[in-house]
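Below are the chains, spelled out letter by letter.
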Amino acid sequence: MSTKSKSSDSLTKSNGNDSIWKRALLPNAEWPDKEEFLDVIYWMRQAIGIILGLCWGLLPLKGFLGLLLFVIVNAAVIYVYVSSFQNVDEEEYGGMWEITKEGFMTSFAGFLVTWIIMFTGLHSTSEL
Amino acid sequence: MWGDSLLIVFISICTAFLGEGLTWILVYRTEKYQKLKVEVERQSKKLEKRKEAHGDSLDKQHKKKIEREEERLKNNNRDLSLVKMKSMFAIGFAFTALLSMFNSIFDGRVVAKLPFYPISWIQGLSHRNLPGDNYTDCSFIFLYILCTMSIRQNIQKLLGFAPSRAASKQGGALFAAPPAQFK
Numbered sequence: 058m059s060t061k062s063k064s065s066d067s068l069t070k071s072n073g074n075d076s077i078w079k080r081a082l083l084p085n086a087e088w089p090d091k092e093e094f095l096d097v098i099y100w101m102r103q104a105i106g107i108i109l110g111l112c113w114g115l116l117p118l119k120g121f122l123g124l125l126l127f128v129i130v131n132a133a134v135i136y137v138y139v140s141s142f143q144n145v146d147e148e149e150y151g152g153m154w155e156i157t158k159e160g161f162m163t164s165f166a167g168f169l170v171t172w173i174i175m176f177t178g179l180h181s182t183s184e185l
Numbered sequence: 258m259w260g261d262s263l264l265i266v267f268i269s270i271c272t273a274f275l276g277e278g279l280t281w282i283l284v285y286r287t288e289k290y291q292k293l294k295v296e297v298e299r300q301s302k303k304l305e306k307r308k309e310a311h312g313d314s315l316d317k318q319h320k321k322k323i324e325r326e327e328e329r330l331k332n333n334n335r336d337l338s339l340v341k342m343k344s345m346f347a348i349g350f351a352f353t354a355l356l357s358m359f360n361s362i363f364d365g366r367v368v369a370k371l372p373f374y375p376i377s378w379i380q381g382l383s384h385r386n387l388p389g390d391n392y393t394d395c396s397f398i399f400l401y402i403l404c405t406m407s408i409r410q411n412i413q414k415l416l417g418f419a420p421s422r423a424a425s426k427q428g429g430a431l432f433a434a435p436p437a438q439f440k
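Protein chains in written order, with my numbering: chain A, 58 to 185; chain Y, 258 to 440.
Just so you know, the hints here were simulated from the structure itself, not pulled from any lab data.
Among these hints, one or two may not hold up.
Covered stretches of chain A (in silico footprint by chain Y; criterion: 3 or more residues with CB under 8 Å from a CB of chain Y, positions within the stretch not fixed) [as the list claims (entries may be wrong)]:
(1) 130-144
(2) 153-166
Distance condition first, Cα-Cα at most 27 Å in a straight line; then the derived DSSO-like pairs of lysine-lysine [to be verified]:
(3) Y:K289 x A:K158
(4) A:K158 x Y:K322
(5) Y:K306 x Y:K292
(6) Y:K302 x A:K79
(7) Y:K292 x Y:K317
(8) Y:K289 x Y:K302
(9) A:K158 x Y:K321
(10) Y:K292 x Y:K341
(11) A:K79 x Y:K414
(12) A:K91 x Y:K343
(13) A:K91 x Y:K320
(14) A:K91 x Y:K306
(15) Y:K308 x A:K119
(16) A:K91 x Y:K322
(17) Y:K320 x A:K79
(18) Y:K341 x Y:K320
(19) A:K158 x Y:K317
(20) A:K79 x Y:K322
(21) A:K79 x Y:K289
(22) Y:K331 x A:K91
(23) Y:K331 x A:K119
(24) Y:K289 x Y:K320
(25) Y:K308 x A:K79
Pairwise CB distance ranges (calculated) [said to hold, decoys possible]:
(26) A:E92 x Y:K331: 30 to 36 Å
(27) A:F142 x Y:S361: 46 to 52 Å
(28) A:F161 x Y:Q318: 50 to 56 Å
(29) A:P89 x Y:Q318: 41 to 47 Å
(30) A:G152 x Y:G349: 32 to 38 Å
(31) A:S76 x Y:D390: 52 to 58 Å
(32) A:L111 x Y:G381: 40 to 46 Å
(33) Y:K292 x A:G152: 32 to 38 Å
Keep in mind the model is a prediction, meaning the values are calculated, not measured.
Glycine included, each C-beta is placed from N, C-alpha and C at the ideal position.
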């Protein structure tokens, strides 16, 4: 990243009252920069993917059910966070679909990797 | 088996950093790239704002202005892709060689056990070069691709090398296409 855009980044951040992560945890926070909010959604997704992967591997959940549950839980958490916790107008971001799509594939891949590795380490001798 | 899968995660973290490092040396730090990137980002944001402001108006003058800006953005995007392309080819070749080396090391080895039964068009990948027909056995290549998909993009985003959303939205397919996955 160039020094120019870096300095403008820090400028916008210092203009906000709180840091992004603090705002992410506060209900009904103000999001003047759309990118910041989408970044929060993105990183939240990654964290959810890895946490669910760990849980599914520990339980262990197997088969299509595991995949389906991941998709449902992942979408539901983000939906509740966006519409109830932050009360964001989804139309500003191009509809709920755009928010649901944000970082989904990366989070799915991260989920699969953690799930497969946990499952292999803990339960690989048991038959599917 | 667990050691193998953790080793693959480690390999893909290393290759992701190596790939980004090489791209940084060849592309990201060059003045031409930085200039173009700033320009594209600025134009994309401007265009988006303008489109929002005059989205429904049928004013001919505005339409023409937007069209002209779109054209300029397209040209800049094309230049940006060209700058990236050269090094992508070089890195692509290097990684293909590296990947075939790992492929031969893990040839015929079950590196992980899948907790689900893969659908038929994935089986070719997840059961590549593996003996037997237990399709829950996972091959090196499948796990490696999954790791690369998640790790590389996150590293790119963390380091700030990923294209901004506005740019990829306005830029169309050429710029929005994810970088080569080193298959």
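Hints and how they fare:
1. 130-144: Result for this restraint: violated, n = 0.
2. 153-166: With 4 residues in contact (Cβ-Cβ under 8 Å with chain Y), the coverage given for the stretch 153-166 of chain A holds.
3. Y:K289 x A:K158: The hint is violated at about 32 Å.
4. A:K158 x Y:K322: violated (31 Å)
5. Y:K306 x Y:K292: Status holds; Cα separation ~21 Å.
6. Y:K302 x A:K79: holds (26 Å)
7. Y:K292 x Y:K317: Violated, at about 32 Å.
8. Y:K289 x Y:K302: holds (20 Å)
9. A:K158 x Y:K321: violated (32 Å)
10. Y:K292 x Y:K341: holds (13 Å)
11. A:K79 x Y:K414: holds (20 Å)
12. A:K91 x Y:K343: violated (33 Å)
13. A:K91 x Y:K320: With Cα atoms ~25 Å apart, K91 of chain A and K320 of chain Y stay inside 27 Å; holds.
14. A:K91 x Y:K306: holds (12 Å)
15. Y:K308 x A:K119: violated (47 Å)
16. A:K91 x Y:K322: It holds: about 25 Å lies between the C-alpha atoms, which stays within 27 Å.
17. Y:K320 x A:K79: Roughly 41 Å between the alpha carbons, so the hint for K320 of chain Y and K79 of chain A is violated.
18. Y:K341 x Y:K320: Violated, because 31 Å separates the two Cα atoms, which is more than 27 Å.
19. A:K158 x Y:K317: violated (34 Å)
20. A:K79 x Y:K322: Distance ~40 Å between K79 of chain A and K322 of chain Y Cα, so the pair is violated.
21. A:K79 x Y:K289: Between K79 of chain A and K289 of chain Y the Cα gap is close to 36 Å, so the pair fails against 27 Å, i.e. violated.
22. Y:K331 x A:K91: holds (23 Å)
23. Y:K331 x A:K119: The hint is violated at about 46 Å.
24. Y:K289 x Y:K320: Distance of about 30 Å is beyond 27 Å: violated.
25. Y:K308 x A:K79: Answer violated: K308 of chain Y to K79 of chain A is near 32 Å, above 27 Å.
26. A:E92 x Y:K331: 30 to 36 Å: violated (22 Å)
27. A:F142 x Y:S361: 46 to 52 Å: Holds: the Cβ-Cβ distance is about 50 Å, inside 46 to 52 Å.
28. A:F161 x Y:Q318: 50 to 56 Å: The hinted range 50 to 56 Å is violated for F161 of chain A and Q318 of chain Y, with Cβ atoms some 40 Å apart.
29. A:P89 x Y:Q318: 41 to 47 Å: Distance hint for P89 of chain A, Q318 of chain Y is violated at roughly 30 Å.
30. A:G152 x Y:G349: 32 to 38 Å: holds (36 Å)
31. A:S76 x Y:D390: 52 to 58 Å: holds (53 Å)
32. A:L111 x Y:G381: 40 to 46 Å: violated (29 Å)
33. Y:K292 x A:G152: 32 to 38 Å: Once the Cβ atoms are compared, 34 Å apart, the range 32 to 38 Å for G152 of chain A and K292 of chain Y holds.
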